[in-house]
Each structure stands twice: as structure tokens, then as C-alpha cells.
Amino acid sequence: MRLNPVIGLSGKLGSGKSSLASILADRSGWRRAAFGDYLRHLASQRRTGMDRASLQQLGDEQIALGWDQFCSNVLAYFNWKPGQGLVVEGIRHIAAVDTLSSLIAPQRFFLVYLALEETLRRNRLIQRDGVDALFPSLEGHSSEAQVTEALPRAAALILDASQSLEELAEEVWESLETMGSPISEPAKAAGVAAARRVPGIYRPELN
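The sequence shown begins at 40 in my numbering and counts up one residue at a time.
Hints may be right or wrong, so weigh each one.
[Claimed, not checked] Restraint-style ranges between C-beta atoms, simulated for each label pair:
| id | residue 1 | residue 2 | range |
| --- | --- | --- | --- |
| 1 | Gly-88 | Ser-57 | 17 to 23 Å |
| 2 | His-80 | Ser-58 | 19 to 25 Å |
| 3 | Glu-157 | Ser-58 | 17 to 23 Å |
| 4 | Thr-158 | Pro-121 | 41 to 47 Å |
| 5 | Thr-158 | His-80 | 29 to 35 Å |
| 6 | Arg-167 | Gly-122 | 33 to 39 Å |
Hints in this document: simulated from the structure, not taken from any laboratory. From the three backbone atoms N, C-alpha and C, an ideal C-beta is built for every residue, glycine too.
Could you put together the complete structure from these sequences and hints?
Here you go:
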């Protein structure tokens with residue numbers, strides 16, 4: 040019996056991780072989890088700030104408790120059960136990749152990195168969050184440090200995030216099929232098997 044994979048999405052701020060996570064989860068019928076949503080849940084419980092800087096600080100506190108506990112809490116918050124497919128958005132540390140891979144074993148963790156040309160990415164951020172989104176301290180925070188170099192190197196698939204969400208989703212599904220992981224029947228019924236491939240870098244040696 041083949042086990043469903045877990046898809047992790049990484050990329051810089053504004054690369055489209057949340058949007059892609061939603062379409063992947065909707066089409067597959069799998070749960071969607073997000074580190075940021077879990078941190079917002081904690082902030083709401085504590086009645087602390089919900090701005091990005093405050094959430095980054097809260098994330099640092101959770102990391103200090105240990106990655107096993109942090110990742111286990113995220114999986115539990117989104118009610119994930121072993122064997123279920125899952126889309127995890129907001130991977131910003133190699134330690135999160137390693138820990139999730141261990142926690143979900145023998146299921147496979149498939150890291151997808153969204154790369155986006157810098158001018159386009161910054162324009163997206165300004166449209167979404169205003170000019171404050173470009174405040175240097177936010178992208179210089181430790182939570183973003185590994186997103187630029189370490190996580191692209193660890194990714195099984197690197198995609199050009201300037202493509203449409205439909206095209207990006209198609210490439211993810213096709214790559215999962217290539218590595219021998221199943222796609223759920225709801226996803227197939229929704230037509231995720233595509234006729235057109237999106238140019239991406241697939242790294243079978245990492246799977």
C-alpha cells in the first residue's frame with residue numbers, strides 16, 4: 040500500500056506559497072497546514088500582535104522550545120493523522136524539513152521551492168501589504184535567512200512562481216507521479232493531470 044506524500048512549500052515573502060497551498064489542498068482533498076496560521080492562533084490566544092514582526096518573534100520562541108515540539112504542535116493543530124496527505128505552507132528552516140520528514144515517516148516529504156524574479160516579487164508585496172512589506176528588518180530576520188540559499192538547495196522541485204497557479208499545481212502533481220507518489224482520486228477527478236508542463240527543476244536524487 041502506497042502512502043500519501045506530504046508537500047512542503049518554501050519561498051521568499053510574496054512568492055505565492057499560500058495561494059498554491061490552497062489550490063493543492065483543494066484539488067487533492069488533503070489537509071493544508073501553515074506555520075504562520077499556527078503562530079497567528081497562538082498570538083490570538085495570548086492576545087499579542089498579529090503583525091509580521093510580532094509573529095516572527097513568536098516563531099523564535101517556538102523554535103527555542105525545540106523543533107520536534109513545534110512541528111508536532113503544528114501537525115496536531117491542523118488535525119493531521121499519519122497516512123493522510125498534507126500540504127504544509129511556510130517552510131523557512133532546514134530544521135523544519137528534517138523534523139517533518141522524521142515525524143511523518145514512512146511517508147515521504149516533498150519540498151517545493153517557489154522562485155520569483157525580485158522586481159515582480161517586490162511589486163506583489165507592495166500590492167498585498169503596502170510599502171511596509173519591504174521593511175529591511177522583516178526579510179533580514181533569521182526566519183528568512185535560510186530561504187534564500189539553503190532551502191532551494193534542499194528542494195526536490197524548484198518552480199518559476201511567475202507562472203499561473205494552475206500551471207504550478209500541474210507541475211507539482213506531475214513531479215509527484217514521477218517520484219512514484221500517489222495522487223488522490225479527488226485530485227485526478229479535478230483534472231490535475233495536465234497536458235502542458237511548467238518548466239521546473241526536478242531533483243529525483245533528493246527523493
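A quick look at each hint next to the structure:
Our hint of 17 to 23 Å for Gly-88 and Ser-57 holds, since their Cβ atoms are close to 20 Å apart. Our hint of 19 to 25 Å for His-80 and Ser-58 holds, since their Cβ atoms are close to 20 Å apart. Taking 17 to 23 Å as the suggested C-beta distance range, the pair Glu-157 and Ser-58 conforms, at roughly 19 Å. Between Thr-158 and Pro-121 the C-beta distance comes to about 43 Å, which sits within the given range of 41 to 47 Å.
Taken as a hint, the range 29 to 35 Å holds for the pair Thr-158 and His-80, whose Cβ atoms sit roughly 34 Å apart. Separation of Arg-167 from Gly-122 is about 35 Å and conforms to the stated range, judged on CB atoms against 33 to 39 Å.
The structure fails none of the hints (numbered hints given earlier).
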